[in-house]
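*Asks:* The chain contents come next:
Number of protein chains: 2
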Amino acid sequence: MAKIAILGHGVVGSGVAEVLLKNAESIALKAGEPIEIGHILDIREFPGLLYSHRFTTNFDDIINDDDVSVVVEVIGGLTPSYGYVRASLEAGKSVVTSNKELVAQKGAGLLQLAKDRGVDFLFEASVGGGIPIISPLHQCLAANRLHEITGILNGTTNFILTKMVREGMSFDQALRTAQRLGYAERNPAADIEGHDTCRKICILASLAFGRHVYPQWVRTEGITALTLEDIECARRLDGVIKLLGSAREMDDGQLYITVSPCFIPREHPLANVEDVFNGILVKGDAIGDVVFYGRGAGKLPTASAVVADIINCVRHTHAHSRIYWRDALDGEQVVAEPGRVETAKLIRLACDDKQKASVKASAVFGKVREAFSENGSEYAFLSPKMPESALDEAVRSLVESGAAKKVISSIRAVI
Amino acid sequence: MAKIAILGHGVVGSGVAEVLLKNAESIALKAGEPIEIGHILDIREFPGLLYSHRFTTNFDDIINDDDVSVVVEVIGGLTPSYGYVRASLEAGKSVVTSNKELVAQKGAGLLQLAKDRGVDFLFEASVGGGIPIISPLHQCLAANRLHEITGILNGTTNFILTKMVREGMSFDQALRTAQRLGYAERNPAADIEGHDTCRKICILASLAFGRHVYPQWVRTEGITALTLEDIECARRLDGVIKLLGSAREMDDGQLYITVSPCFIPREHPLANVEDVFNGILVKGDAIGDVVFYGRGAGKLPTASAVVADIINCVRHTHAHSRIYWRDALDGEQVVAEPGRVETAKLIRLACDDKQKASVKASAVFGKVREAFSENGSEYAFLSPKMPESALDEAVRSLVESGAAKKVISSIRAVI
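Chains as they are written, first to last, in our numbering: chain C, 2 to 416; chain Z, 2 to 416.
Be aware that a few hints might be false.
Same chains, same label: a pair holds when it works inside one copy or across any pair of copies.
What the hints assert, rightly or not - Taking lysine-lysine and the DSS-like style, the derived pairs with C-alpha atoms no more than 25 Å apart in a straight line are:
| hint | residue 1 | residue 2 |
| --- | --- | --- |
| 1 | K300 | K406 |
| 2 | K361 | K406 |
| 3 | K357 | K368 |
| 4 | K355 | K116 |
| 5 | K368 | K284 |
| 6 | K23 | K357 |
| 7 | K4 | K116 |
| 8 | K4 | K284 |
If you're looking for bench data, these hints aren't it; they were derived computationally from the structure. Please read all numbers here as calculations on a predicted model, not as lab measurements.
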């Protein structure tokens, strides 16, 4: 009998309890022994549950219970979660969490602490909800040198973009729909401004490339500035715009990490990931392209990932010795300055017909895929790949020289 | 230092050696110790390789070498592979294989033998090439009751179907193109007649539902009878035809397993899996729908899955105690008779205008999605779900009663 404690009985916490109870028999078989919920920490009371008598408001009941071998942190945020998780690991208990902020901000230190204590710190549910990604990524890593990870990592923004593309809703309408359906929170900033995506790509990059990547190092752009015209323009260029988190290792060892809306061609493996689904593309030297796809959030999918980790802890598979990355060294420049890295862009310029001709004649960008707006006041194109600073500068100079009225949009593109 | 032996230096075997040498350093880190290729069994000679002196033509050199802890079987087929694998497990050596025929025909016995000897029998590369699927499936299984697994499991046939859909090639033209590009073998029967797909869905079903499913129990239909008209008809009904392997557990515990061309709507998560790619859809009670996608074959993707398994063996993660299914009991009816299970179908009938009206008037199938051929000689529709025998009988009776000239095609459909 393995005794666990759950910190937080919100959406995920109650889902974990539900899955553990519902599939108790098969879980015991997989874990090698039955799993018992010893304590649940929550400031609220939950009468009428099978396990109502297990609730406590005092973390000491958990940390002082030597029988508890696994602590499940599903409160979210850093306070008080971080303190509880550290204390649990220090007391020799394994920790399973779905808390992406905790892993993205404190992962390296907690992994080191877990390693020192010979216990597990597992976080499959922190990225991609129920999609198995941390473990498979680790498996891919075993035999592959990974080049790149790119993902649609936030279901809320993907839902909003899908509504804009499919139903022509404005960003504001689509956001309100997402809120009404419970996909977006009342304060949607973390989602729509890209911070949630940023935390998740930082976790994946840390795992793939072995060094902690702090979210504050990554310039992050959300989808609030995207318009229906941008989306229509992407359609004319045979693509869609998605909010992508992307990380790749460059030849000099620095990491190129971006979180921003991005044009991708219709045949790109992530182009058809729609609604609240997440998709994660992993590129390795031997494996080629692999995509993982599923619901990136939700009570039961997330709970199912948490429970899989609990089982790994109970089974003593020593995951802690395989899932690990180091903290950044003092003064180490882990993340590359994006301006110096090559990217393509979807550029929309406001121009009259004469200006269009002169932009094309200038041939600054060579032969490009073009699109024109219906009313004729706009010239849009997919630029070739160039260092981003140089590309932005070249676009700016088109406006300064009078060859275009202004830049309407400038959106990174995979071409 | 872990010493391994590789049986067979064909496409996959040479790929395994290549990955082990190329990524030796990171693999040693993951495995906890360096991995040395002690012997390679092949009847041919391979001069000029870094490891040419490791070749042997005598299996005894391997089985009698007590230092060899892992045997990698990448010969394929049952003879002599099965004998080698049994002997290796009996000698207390773990076995890693990419051989789907071996796993589909002999899996239960070999898993039992491995369990008895306390060693691993791993086969990640037998399904989905480099796509991590066996391990993630196992992880999904840990916390979920799986309802269904459906996959595009054969890259060759998917390439042929993609060429038919996208370029209007006939089946024969597309097959010849696949052969020219090295995607299809000179004797393509195992691919185009569905046997390869059948073996793979049997492996996945065995793992998901815990009982060995023998390929000979599954009625298997390939793509050789598919025509461009079938594909065009699917397009008119907003879908595509894919060769699917599918398994689900029914309420009475029997498994409904199909290998056949299948109509799926354009928005189905497998509809956009094209060319030589594989896609596998897993449905679980907590996790919802998850899809794994990537190259289902090829030297390095497959080698990368083999190497990941080798690392698991070397690390002693005791995978053998987690990946397991039992053999079927004497007289046990594991696979359900498909006729009694409900399915929808895409039905194409040859009829004149009067017959069309009478088929529609008969309303045998209620209100259905319809399509008409351009020359007007055909009436096609998506039937509702019915037990397959009853559905086939109803279609037959339309012809017998003269309401239609004949059945042109009858293709299973997901609606």
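*Asks:* A separate judgement is required for each hint: does it hold in the structure or not?
*Replies:* Right, here's what the structure says about each hint:
no.	hint	verdict
1	K300 with K406	neither (49 Å within a copy, 53 Å between copies)
2	K361 with K406	within (14 Å within a copy, 60 Å between copies)
3	K357 with K368	within (14 Å within a copy, 53 Å between copies)
4	K355 with K116	neither (66 Å within a copy, 77 Å between copies)
5	K368 with K284	neither (29 Å within a copy, 46 Å between copies)
6	K23 with K357	neither (64 Å within a copy, 51 Å between copies)
7	K4 with K116	within (21 Å within a copy, 27 Å between copies)
8	K4 with K284	neither (39 Å within a copy, 29 Å between copies)
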